[in-house]
Structure formats: C-alpha cells, structure tokens
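S.K.: Kindly produce the complete structure, drawing on both the sequences and the hints.
Every number in the working numbering is 127 more than the matching position in the sequence shown, counting from 1.
No lab work stands behind these hints, which were simulated from the structure alone. These numbers were taken from a predicted model, which means no experiment stands behind them. We treat Cβ as the ideally placed atom computed from N, Cα and C, and that holds for glycine. One or more of the hints may lead you astray.
As the list claims (entries may be wrong) - Straight-line distance between alpha carbons at most 30 Å, and here's what the computed BS3-like set of lysine-lysine pairs gives:
{"no.": "1", "residue 1": "LYS174", "residue 2": "LYS145"}
{"no.": "2", "residue 1": "LYS157", "residue 2": "LYS145"}
{"no.": "3", "residue 1": "LYS174", "residue 2": "LYS157"}
Stated by the list, open to error - Listed next, with one range per pair, are the computed distances between beta-carbon atoms:
{"no.": "4", "residue 1": "PRO153", "residue 2": "HIS178", "range": "27 to 37 Å"}
{"no.": "5", "residue 1": "TRP156", "residue 2": "ARG207", "range": "15 to 25 Å"}
{"no.": "6", "residue 1": "PRO153", "residue 2": "ARG200", "range": "12 to 22 Å"}
{"no.": "7", "residue 1": "GLU182", "residue 2": "LEU147", "range": "31 to 41 Å"}
{"no.": "8", "residue 1": "ARG149", "residue 2": "THR184", "range": "37 to 47 Å"}
{"no.": "9", "residue 1": "VAL163", "residue 2": "THR186", "range": "15 to 25 Å"}
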Amino acid sequence: MTVLNPSPNSTSIQPWWKSLWRHHSPNRWKHTLWLVRHDRLLTNEMKLRRHLSSEATCTLCDHPCETTIHALRDCYRAQRIW
Numbered sequence: 128m129t130v131l132n133p134s135p136n137s138t139s140i141q142p143w144w145k146s147l148w149r150h151h152s153p154n155r156w157k158h159t160l161w162l163v164r165h166d167r168l169l170t171n172e173m174k175l176r177r178h179l180s181s182e183a184t185c186t187l188c189d190h191p192c193e194t195t196i197h198a199l200r201d202c203y204r205a206q207r208i209w
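M.R.: Dropping the structure here:
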C-alpha cells in the first residue's frame with residue numbers, strides 16, 4: 128500500500144508507513160503499526176527464533192505458533208479485544 132506524497136509540487140509515491148508519523152493519532156498506535164509493518168512485533172514465534180523462549184505457542188489460545196498475523200487477526204481470543 129502506498130500513499131501520494133502530500134506535497135503539492137511532488138508526484139513521488141512513498142510507502143504508507145513513512146507518512147504514519149505525521150498522522151494525528153496516539154504514538155503507541157503508530158509504534159505498534161511500525162512494529163507490525165517491519166515484522167518486529169515480539170511474538171512468541173520471534174522469541175523462539177531469538178532463543179528467548181523455548182516454545183512458540185500462543186499463550187491465549189494454545190495455537191502451536193504465535194506469529195504476528197495470528198496475534199492480531201487469527202487468534203480467537205485476541206479477536207475479542209480487537
């Protein structure tokens with residue numbers, strides 16, 4: 128997804144996440160979106176890859192692998208929050 132540069136004299140296209148910081152929303156939302164976009168959200172799967180955990184299981188629903196997609200979209204317990 129891309130957005131047009133808001134500058135009236137420019138026709139360049141930039142990634143949506145670069146314009147994220149200019150948006151008027153809470154910084155924690157911006158930071159979370161940035162982490163998701165750059166695959167830096169610390170899920171259990173990522174902890175396992177970095178040897179910070181011994182398993183990648185989702186702590187909410189016991190799914191065998193808690194990825195970013197699972198944590199934000201597929202986990203039925205997380206869906207209640209969103």
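S.K.: Go through the numbered hints given earlier and state which of them the structure violates, listing their numbers in rising order.
M.R.: The structure breaks none of the hints.
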